[in-house]
Amino acid sequence: GAVVSQHPSWVICKSGTSVKIECRSLDFQATTMFWYRQFPKQSLMLMATSNEGSKATYEQGVEKDKFLINHASLTLSTLTVTSAHPEDSSFYICSAREGGGTDTQYFGPGTRLTVL
Amino acid sequence: AQSVTQLGSHVSVSEGALVLLRCNYSSSVPPYLFWYVQYPNQGLQLLLKYTSAATLVKGINGFEAEFKKSETSFHLTKPSAHMSDAAEYFCAVSREAQKLVFGQGTRLTINP
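Residue numbers (the numbering used here), protein chains in the order written: chain A, 178 to 293; chain B, 2 to 113.
Worth flagging that the hints you see were computed from the coordinates, not collected in a lab. Just so you know, even glycine gets a beta-carbon here, dropped at the ideal spot from N, CA and C. Heads up, a few of these hints could be off.
Unchecked claim - In silico DSBU-like cross-links for lysine-lysine, where the CA-CA straight-line distance does not exceed 30 Å:
hint : chain 1 : residue 1 : chain 2 : residue 2
1    : B       : Lys69     : B       : Lys100
2    : A       : Lys243    : A       : Lys191
3    : A       : Lys191    : A       : Lys232
4    : A       : Lys243    : B       : Lys100
5    : A       : Lys232    : A       : Lys243
6    : B       : Lys59     : B       : Lys70
7    : A       : Lys241    : B       : Lys100
8    : B       : Lys69     : A       : Lys197
9    : B       : Lys59     : A       : Lys241
10   : A       : Lys232    : B       : Lys100
11   : B       : Lys100    : A       : Lys197
12   : B       : Lys70     : B       : Lys100
13   : A       : Lys197    : A       : Lys218
14   : A       : Lys243    : B       : Lys59
15   : A       : Lys241    : A       : Lys191
16   : A       : Lys241    : A       : Lys197
17   : B       : Lys69     : B       : Lys59
What the hints assert, rightly or not - Here are a few chain B residues that face chain A, going by a calculated C-beta distance under 7 Å:
hint : residue
18   : Gln99
19   : Phe103
20   : Gln105
21   : Gly106
Could you build all of it, start to finish, from the sequences and the hints given here?
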């Protein structure tokens with residue numbers, strides 16, 4: 178089946194620093210990838226849609242200057258949390274959409290971000 | 002607008018018993034519906050999906066779900082629960098631009 182990886186799986190950083198999270202589709206090409214945020218014991222909240230070769234589209238309320246998304250190739254999207262603060266601590270999950278018209282998204286294992 | 006409601010944030014069953022996780026959807030167009038499972042500190046794994054073919058969908062790990070348009074439901078079932086089924090389960094419906102709308106999740110606990 179389709180495999181999506183994320184790196185790193187967890188990261189701890191100081192307040193004010195920036196953190197980059199990578200999302201890769203390992204065995205298929207993904208023109209569209211999605212970034213989600215999940216708080217403890219809650220559902221996934223879509224942050225943005227990442228389209229290869231174009232600007233990401235952000236959901237309402239998500240700061241595009243804080244959460245920078247780059248989708249430079251058909252297998253890689255990156256999320257950079259800029260000037261991170263403790264309230265940015267969360268579980269970040271990416272997904273990649275497989276083509277074929279069935280809207281199936283395959284999810285990465287997630288990245289646990291802790292900002293001190 | 003598409004939305005999903007999962008009835009019951011926590012379901013507890015005995016090992017070997019029937020598992021039933023409820024999901025109702027709201028959609029203005031014929032929906033694509035999904036069930037995902039999430040184990041602690043992991044991403045989501047696709048269990049099964051409905052894409053307007055057969056109304057009874059079989060997934061992995063012995064799970065299946067039935068699409069009932071008249072009831073706007075897509076409940077997930079498994080005849081006999083196993084300890085390894087303990088996890089968080091999410092129902093989702095697709096919306097515009099291939100985006101997914103998730104339900105709030107149901108935590109399944111299996112009692113020995």
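Hints not upheld, ascending by number
Hint check: 8, 9, 14 fail, others pass.
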